[in-house]
Amino acid sequence: MASCGGEKMPEVIEFMKLALEQAKIAFDSLEVPVGCVLVMDGKVISRGRNRTNETRNATRHAEMEAIDVLLEQWKKEDLTKAEVAERFSKCYLYVTCEPCIMCAASLSFLGIKEVYYGCANDKFGGCGSILSLHTSTTSGENVGRKGYNCTGGIMAEEAVSLFRNFYELGNPNAPKPHRQPVQQT
Amino acid sequence: MLLESTNLYAHHYLVLGDMESWEIVHIPDKPPFPLHQQPTVSVYAAVIDPKHAHTLVRKLNEILPLESLRHAKRVRKQHLDGDDSQLHTIPQEVVELIDSYQLETFITKLHNSVLNSDWMCGLNCSNISGITGFSEEESRSVCTFMKLALDLAKSDTQMVNAAVVVDPSNNEVIARACDQVHSCSCSISHDVTNSSSLEYSIQSHDNMLLNSSASEPKLLFPGVSCLNPWGWSNRNSCGRACSWHPLRHAAIVAIEHSAARDRRLFPGNGHVFAETDHVQLDLSCPSSKKQKTKSIQAKVNAELNSDSNGSLSDLVRPYLCTGYDIYLIWEPCAMCAMALVHQRIKRIFYAFPNPIAGALGSVHRLQGEKSLNHHYAVFKVSLPQKSLDREGYH
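Quick note, the sequences are listed as chains A and B, same order.
Sequential numbering from 1 applies to the first sequence in the numbering used here.
Sequential numbering from 186 applies to the second sequence in the numbering used here.
This is chain B alone, in the form it adopts within the complex (with noise of 0.2 Å):
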């Protein structure tokens, strides 16, 4: 069997009513190879008889565990054309089992990496939702909250990047921001792109990634912080009206708004903490996800209407955004990416790809540093194209 390639780049168009094609790419954690590209290593194949395909493989993996290439089958129905190069020598104890069962070995290559292969296996490398695809419902969520995104993005008096982040057990948004790193109550300066420019910009947009060292891209959007994220004293301030700061990106902001939501609606001393793994134990209703859900909101919103400290802190506090997705305009710089890393947030969308300081593919690759306590899965939305039109966009 074959591992579907769409597996590791699911495409999912939607046709939303207005006609225009949203698409989710997911973004993987390791940079993609095309296919004749893919570096490979070198195996010893042998045609067997298949009735001792059982016997042999069993004796090979205890001779020879293939502990680097878990991802590929030992046996399939047919076989690849070898080539004669050399290779180390096989172990006696293999080679033993080649005379015993009167083998022919040749050599093959085999896809050292987690990718499309006749000799692939079905392995499934996560266990996040969206990797292998979205139903017709996510995916209308997913554009749901990119427009979300789009709007806050479009507010300021100049393109911004936003965040928001949303529970997907109940499509909750648990916070929204913009960057701020020069928000100003006169925010409204000479290098504000006007409409025509800003036409312009979108358009050019496209061409910006494919060749980012042809223009300056940085001039395009000025006012996204992870596009630019060195720049920030280049642009004038306006005296004690004034609320910038360097380093609040729209994710760093979007966090401490849900942390504070957090310290809202769970006051407790702090040390008490929940998974959401156990909450769904703890709860003492067994039914469905979503009744659990909506019972979990209701209480919520009764908490915060009454604004009392009830016992609901001990039952649902989450653990920072575990569970959470955020949805970005821009893909997000080392610092915003590192951030999300931190907070545990479970995926991450965002629309365009950010070739100056990108950390989720384009510069570094977050997703992939296995280092790291926890990991994300990313995807990319493509938006229609006149979707940072400020007029021609609803």
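Pulled out of the complex, with its shape left as it was, chain A reads as follows (with noise of 0.2 Å):
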């Protein structure tokens, strides 16, 4: 595991403000404001941020996006599916926000060498927080199964603030439960 929080390198803080800008991007189209960024040997290779009320789809999260922005792209090159690991293997992902249940599992599918996020999401988070999907400690019978270093609290107050506007202004598309999550069974 990499260091949790500590020293900042400044190129970590420099990627998250990519992914800050993402999340800007999906505050102002009023979507939950989450970004990310992909980055493969110092260079940003694919953005993305959350397009859930757009698309009506709510699994069209920031990781999904950029995801998707690089098959394509890596697809057009004619790329193998072994080569298209070996790339994600040295793939980076700054994201504003712990990724969620369903992203974490993604990323782990996919082999993602290491992951930034922002602030924690101590309801749905699949990095530490509810489940841990980045570790790779379960039965040796997964073959293929590899896990990855997850760092979070990197520039977490902004990524919370943008949050903190966006719920005060009441997520249009939701349903009252979603404004306020209380629950109910």
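I should point out that these hints are in silico values taken from the structure, not numbers from a laboratory.
Some clues are possibly wrong.
[Claimed, not checked] Mimicking EDC-like on lysine to aspartate or glutamate, the simulated pairs with C-alpha atoms at most 20 Å apart in a straight line are:
1) LYS555(B) with ASP122(A)
2) LYS123(A) with GLU554(B)
3) LYS17(A) with ASP28(A)
4) LYS565(B) with GLU554(B)
5) LYS90(A) with GLU72(A)
6) LYS565(B) with ASP341(B)
[As the list claims (entries may be wrong)] Per label pair, the in silico range of CB-to-CB distance:
7) TRP74(A) with ASN558(B): 27 to 37 Å
8) SER354(B) with GLY42(A): 48 to 58 Å
9) THR135(A) with ILE275(B): 39 to 49 Å
Glycine included, C-beta positions come from ideal geometry on N, C-alpha and C.
From these two lone chains plus the hints, build me the complex, please.
Put into structure tokens, the structure is as follows:
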């Protein structure tokens, strides 16, 4: 595991700023403000932001958007599956909020190298908050399963303040329980 | 009164015309314990005069509410055998109560969770229909849609997972999809299971589930994405014609289709929404639910046919998949199971557990993760043994 928080390398901050830029675009589009960038060899190769309201597809999280951009591009380049897997294994994700269980599982399936996130996601988080899908500690039968390093708390205040502004306005597309997440069963 | 244990493990057998038995089993949000292994807590109990019951319960609820044991009754007609082990001291106010009514306390064990117990009250933990049982008509629908999913799963050149999203209020199929992780026009490759190995794998499926470490289960159904989500890159791709995608599991594709349908049927600006609860209030005609759904359906069909942007969008636009069911052949992985939480699916039916990556009871149990903002009910539908056989099943 990489160091948690602590000394933040300047390049990590720079990439997180780009992810926050994406989150702000989401905010301006009346989407839950989460954004991300994917980085390979020190360069941003894909960006994504939440588009769940626009698409009416609640799985269109920033990570999924950024991943699909890449896959599209790599397929145009005629890469084989093995080559695509090879590239994912060199990718770093910078995302403003801890990946949810769905995204955390996806990143594990793809075999991404490392994740840096802003604020924790204590309702849905799949990188330690609710489940720990980034670790590879389950039984050895899962051939091909790789874990990825995950470091949280990068510019978390900025990410949280975007959320706060958003929920003060109210998510125009969410029904009531979504705006005020109260347990009701 | 006892809580019937069958409420939590409802078994429903349905005999179809061809005498094959199907079974629908609720998968609870907590791992089931055998009765004798259930966690218990020690509690004080006392024999009381029945005429003091009301007063004692009222006073005890004031002094010492059973906050963590809401599922338990305070009074039961027969007493259980107690033991003499030490418990925390009784609060002074309760001691006074015991003294004034001259009660003899003893210690008994109370089940810690909402499972079968002599001291249980009838607590209904969810109002999602099906948990306490299915009508014969409902069971028949469940089997019909599971068969549809099965046909889809077998329609590819190899066995894949399949998903069918259904609106149970009118049994309309909202979306259907198969795994598209390996979907190539030329996907018949050397590792496609041939007929005889398929038969073998069906027979050994149950064994595999009982003892998953004994074999390499992922080899049995290599095309089923949720069983082998890490293995997408190990299979051959075939260049340009290929439309593979490592994350396009059946449930994800089905969600995408249902979202596309939503956008097509309700092309509003995206900021008008109606929860299904509101829909029924908004409808002017106060007739029976069935008639309402029929009239909605008629409107939807009219909309589809005429391709017009009518007033419908303000009326019945659903919020994501609220109220819908999904049928899957294999228990979904964490990615798919969480996607179904996000999309607000109401009930999940699957046929086979997924001991490698299943997130609805096998490896994880998302339906029991309290922090999530939505909870669906999960059911396993046991299929007749031969149903995976391509030739032998119709």
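In this structure, is the beta-carbon distance linking TRP74(A) and ASN558(B) contained in 27 to 37 Å? 34 Å, holds
Taking only the CA atoms, is the gap from LYS565(B) to ASP341(B) under or equal to 20 Å? Violated: LYS565(B) and ASP341(B) sit about 23 Å apart, past 20 Å.
Taking 20 Å as the top limit, are the C-alpha atoms of LYS123(A) and GLU554(B) close enough? 9 Å, holds
Holds or violated: LYS565(B) with GLU554(B), Cα cutoff 20 Å? 19 Å, holds
For the pair supplied as a hint, LYS555(B) and ASP122(A), confirm whether the alpha-carbon distance does not exceed 20 Å. Given pair LYS555(B), ASP122(A) holds - Cα atoms ~11 Å apart, limit 20 Å.
For the hint 48 to 58 Å, verify it against the beta carbon of SER354(B) and that of GLY42(A). 53 Å, holds
Taking 39 to 49 Å as the stated bounds, is the beta-carbon spacing between THR135(A) and ILE275(B) within them? 45 Å, holds
Straight-line alpha-carbon gap LYS90(A) to GLU72(A), limit 20 Å: 18 Å, holds
Need the status of pair LYS17(A), ASP28(A): alpha-carbon distance at most 20 Å? Roughly 16 Å separates the two Cα atoms, so the pair holds.
Violated hint for the displayed structure: number 6, the only one.
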